[in-house]
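There are 2 protein chains.
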Amino acid sequence: MRLARLLCLAVIALSMGSSACASGIVQDGEFNFVKAQHLEQWSEQDKQIDTKLAEIREKQGGKRPNILYILIDDVGFGEFGIPELNYVRGTQTPRINKLSDEGLSFMRMYTEPSCTPTRTAMMTGRHPVRTGLEEVKVALIGEGLPKNEVTIAEVLSKAGYATVHIGKWHMGDIKESYPHNQGFDFAAFPLNQQVQLSLMTEDAERSNAMTGYVKSSYTDKFALDKKFKPFGLVTGVEAYKGKDAHEVDMEAGEQWNQEKYNDMNLRYQRQTLEQLRSLAKQEKPFFLQYWPLIPLNFVRSDREQFNMQNGGTMVESMNQLDGWVGEILDELDKLGIADNTLVVLMGDNGPFLRGYQKITGMSDMIYRGGKADHLEGGVRVNAFARWPAAIKPDTLAGDMIHVSDLYTTFARLGGATKYIPTDRIIDGIDQTALLLEGEGNGRRDYVYIYEGVVLRSIVKQKFKMHMPAPGVPGAAAPVFDIARDPREMTPLIEAALWSGASFQDMLKRHMMGVKKYPHSKGGSDKPYEGIDNLRPETLDAVETFMSWH
Amino acid sequence: MRLARLLCLAVIALSMGSSACASGIVQDGEFNFVKAQHLEQWSEQDKQIDTKLAEIREKQGGKRPNILYILIDDVGFGEFGIPELNYVRGTQTPRINKLSDEGLSFMRMYTEPSCTPTRTAMMTGRHPVRTGLEEVKVALIGEGLPKNEVTIAEVLSKAGYATVHIGKWHMGDIKESYPHNQGFDFAAFPLNQQVQLSLMTEDAERSNAMTGYVKSSYTDKFALDKKFKPFGLVTGVEAYKGKDAHEVDMEAGEQWNQEKYNDMNLRYQRQTLEQLRSLAKQEKPFFLQYWPLIPLNFVRSDREQFNMQNGGTMVESMNQLDGWVGEILDELDKLGIADNTLVVLMGDNGPFLRGYQKITGMSDMIYRGGKADHLEGGVRVNAFARWPAAIKPDTLAGDMIHVSDLYTTFARLGGATKYIPTDRIIDGIDQTALLLEGEGNGRRDYVYIYEGVVLRSIVKQKFKMHMPAPGVPGAAAPVFDIARDPREMTPLIEAALWSGASFQDMLKRHMMGVKKYPHSKGGSDKPYEGIDNLRPETLDAVETFMSWH
Chain A
93 MRLARLLCLA VIALSMGSSA CASGIVQDGE FNFVKAQHLE QWSEQDKQID TKLAEIREKQ
153 GGKRPNILYI LIDDVGFGEF GIPELNYVRG TQTPRINKLS DEGLSFMRMY TEPSCTPTRT
213 AMMTGRHPVR TGLEEVKVAL IGEGLPKNEV TIAEVLSKAG YATVHIGKWH MGDIKESYPH
273 NQGFDFAAFP LNQQVQLSLM TEDAERSNAM TGYVKSSYTD KFALDKKFKP FGLVTGVEAY
333 KGKDAHEVDM EAGEQWNQEK YNDMNLRYQR QTLEQLRSLA KQEKPFFLQY WPLIPLNFVR
393 SDREQFNMQN GGTMVESMNQ LDGWVGEILD ELDKLGIADN TLVVLMGDNG PFLRGYQKIT
453 GMSDMIYRGG KADHLEGGVR VNAFARWPAA IKPDTLAGDM IHVSDLYTTF ARLGGATKYI
513 PTDRIIDGID QTALLLEGEG NGRRDYVYIY EGVVLRSIVK QKFKMHMPAP GVPGAAAPVF
573 DIARDPREMT PLIEAALWSG ASFQDMLKRH MMGVKKYPHS KGGSDKPYEG IDNLRPETLD
633 AVETFMSWH
Chain B
93 MRLARLLCLA VIALSMGSSA CASGIVQDGE FNFVKAQHLE QWSEQDKQID TKLAEIREKQ
153 GGKRPNILYI LIDDVGFGEF GIPELNYVRG TQTPRINKLS DEGLSFMRMY TEPSCTPTRT
213 AMMTGRHPVR TGLEEVKVAL IGEGLPKNEV TIAEVLSKAG YATVHIGKWH MGDIKESYPH
273 NQGFDFAAFP LNQQVQLSLM TEDAERSNAM TGYVKSSYTD KFALDKKFKP FGLVTGVEAY
333 KGKDAHEVDM EAGEQWNQEK YNDMNLRYQR QTLEQLRSLA KQEKPFFLQY WPLIPLNFVR
393 SDREQFNMQN GGTMVESMNQ LDGWVGEILD ELDKLGIADN TLVVLMGDNG PFLRGYQKIT
453 GMSDMIYRGG KADHLEGGVR VNAFARWPAA IKPDTLAGDM IHVSDLYTTF ARLGGATKYI
513 PTDRIIDGID QTALLLEGEG NGRRDYVYIY EGVVLRSIVK QKFKMHMPAP GVPGAAAPVF
573 DIARDPREMT PLIEAALWSG ASFQDMLKRH MMGVKKYPHS KGGSDKPYEG IDNLRPETLD
633 AVETFMSWH
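Going down the list, the sequences are from chains A and B.
If you count by this note's numbering, then the first sequence holds residues 93 to 641, one letter each, in order.
If you count by this note's numbering, then the second sequence holds residues 93 to 641, one letter each, in order.
Hints are computed from structural coordinates only; laboratory data are not their basis.
All of these numbers come straight from a predicted model, not from anything done at the bench.
Accuracy of the hints is not assured; some may be wrong.
[To be verified] With a Cα cut of at most 30 Å, we get these calculated BS3-like pairs of lysine-lysine: (1) B:K333 <-> A:K190; (2) A:K319 <-> A:K352; (3) A:K450 <-> B:K600; (4) A:K450 <-> B:K552; (5) B:K554 <-> A:K190; (6) B:K450 <-> A:K554; (7) A:K484 <-> B:K484; (8) A:K554 <-> B:K600; (9) B:K250 <-> B:K333; (10) B:K484 <-> B:K151; (11) A:K484 <-> B:K190; (12) A:K190 <-> B:K321; (13) B:K554 <-> A:K450.
For reference, chain A alone in the conformation it holds in the complex (with noise of 0.2 Å):
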């Protein structure tokens, strides 16, 4: 590491602009590997962009760019944005299609394996790995993103933006790790996910969706305990910054259902347009994040929206949430804000795939795999960054990107690259070249993938190594060539025996990062707290969970 730091020192020394480097962030050894080799054209460009953004505030009457992240989830690549692939698919996606148009494509976005890990990554800019968090699970947990991560709602809101979280958050049930806990002025959000919101319903057991979790649906004289499956969760809840948070919607003894998700999911998006509406009049910058529900569901609905060719659940929902992003995109226009707002809308992960195609519709159409795997159909997602002020329309970028460079890359545009921690590793590359100047221009040619805690994979370039199982020797790891072989069906082995060493000192240089800077633990808590009314069922369930832990 010590070659990196005077590398960044040089860079410092050569500019005093806002980049990542120069501001002393501590990043992968792989990334200060690659950078040795480009110190000088970087800091050039540098230079050039901080004078480029520079011009575009000033057009902009001083003001930074607005920013509003759409994170859709569970969505494989190619489900969106290409015409073609809809008809494959047999669904339409116009708005996104159009979105794709007006904007910057990236063909070669990664994120994490599942919902934590990726949104843990654009939130902290860090491999979930490090955060000590790992997959929330369905129920009640205890666990979540500690207090110590510094997330870009708390970046950005140093610099001055308002920052709001509507939808999914998933990252943990203790009070720490609340999105208006993470530097958000506002959040509405469900405490934990779909499996609980579109699945342990009712109609789900009527739609032989899920079986087993709806106290009617058998009688077993046999179970002893009663706590076996789990009641009295808490649904959505709405707060603002430092104050409790208040369950809505949801009375003592009230039923969850499939219809209350509908009801939650049309109330997200309400929220959405209604917090545009308040922002723009704000004469701050905003950082919104709209993380919607669906796609994610499991039932079918009367609803007109089953009228597509495709007629799955999560198909279906695709098209229904298509529909909404025209809505908050028509709504950009309408309030005069859409030239200096940056709207990035992307996947967070491969397909929700796991014996649920048939009612879901979903497949994993071009990359093998989905969500929960290191393949690349679990983490290669479609995304584009529409700004009309600095992003030129209808282009494609090959450069791969990684959602945490998202994080470095906000701060960057928000002028907030100094409130990013340098005491751990930042893993997300600041890729405001790749988004000003377009394809070419970006900085990572690599990337590292994790399932949970365990590193599966290491990519760089077009090649990509499975890790190999503990006790196999290196030799034997499969090296897949991602442009010939998309779908990693067919190891080059013999072919690619020129890799092995390569890929090895890729290893060792992540792995000296992690020496130095070992991993964080994640928050850990009785779950619940801050939340003003929790109903008599859910105390119920929190005490259970106290009663052994």
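Take the given structure of chain A and dock chain B to it, following the hints.
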């Protein structure tokens, strides 16, 4: 079939137009069954189409459209025409992408699963099983397209079209099968195919793409049969209608190699351009088909072409061919005939996989399977139709279409429907309405998929039944929802039990036609007759072949 006849007569009574039905063409029972549900509507639409075609013709100075048909070998769905998928595969096909923007993209074009069958279906408008022609092998075979088949070249020729064939033919090595004996005024083509031309060479042996063919590659003192390996095959020939063919660019005793293959490809490209220039000068409209040999290519050359991320021999050759397509389209512009020339460009079947992926860079990216498979990956291709005078640009159509439909459709556009034979089943459906009126005006919602002589799948709308193996009860046949499951991985079984009887009915309607109009016998003769300069080694090969026939 009686019902269908009656229906057809009814249509004739309603309309004196030139549509396929009105002309007394015999079609598959399934088509008649569907047609009966749309009789009045299609009849009315056909009258409007006749008017529209007449108007277009009048605007074009009375000239019927030229037809340029480009058929690309062994390239899977998604390899060209969709810029985002260029990124997935690390390649570039900018000219074909542009062509796609200038015309109509058929999003559901079905072919037969392999070269000979697709080409036969296009040429005859019939499933190849009906013609008696199976896949033509690589070396001497003494079989081919029989003379009693009536090709689209014969049909258009009778109606006054100039007809030219350049490139791969692959419908037999007997005299009656040659393109200049099947309706083309002029033809330049290789007698066999690319296994001979790009794999049976010293170069391929050195590249480890082929093993054991070259005489010097190994010594086997136990080899008694000195005729086991095919040598002396005819390479490329040229001929005028009814005349003898002449082998070009090959001397007696000369060894075929990769350089000669590259030269042959360049020659066909040059000849296509030359033919275009010459045809444009004629009073007659023309039907020119160009069936390139590349991208099939197994040997890396030093040419600058290898300049993309993928780096596979076929993917890079596809880029080269893309540039050639661009040259041809530019030539149409230069000649001032672009407006009234229907350009149809498509693949002939799925990608050539079969173990060569590492060399060729090919992949079944979206639909599972490749060449020779009845899976969607074997029979789904990209297809584009551009005809500025008549087809709306930048449109997509989700309607089903089969390669044999081009036969009937081209005949209609050329005013040649009356020359389509009426004494046999024609599978090709007149899709002029789809071409001119766009999406939603297709007249096919089914396709029967044969592998050779075996019916392997039936597709109806978005459902596909894989035929049960002999002896397996029909109820065990898996049915797939191609929209939800484009890779045919998860059979619906219990979820699609309603469809079993419907598919059985489709099978019956199809087989009733086969019973009434039994399959023809394929052509059979002494190979290589009608070539005026056979080399001594060729004569030797023919003599060997005839010695045991």
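ask   = Of the hints stated earlier, which fail here?
value = Of the numbered hints, 1, 8, 12 do not hold.
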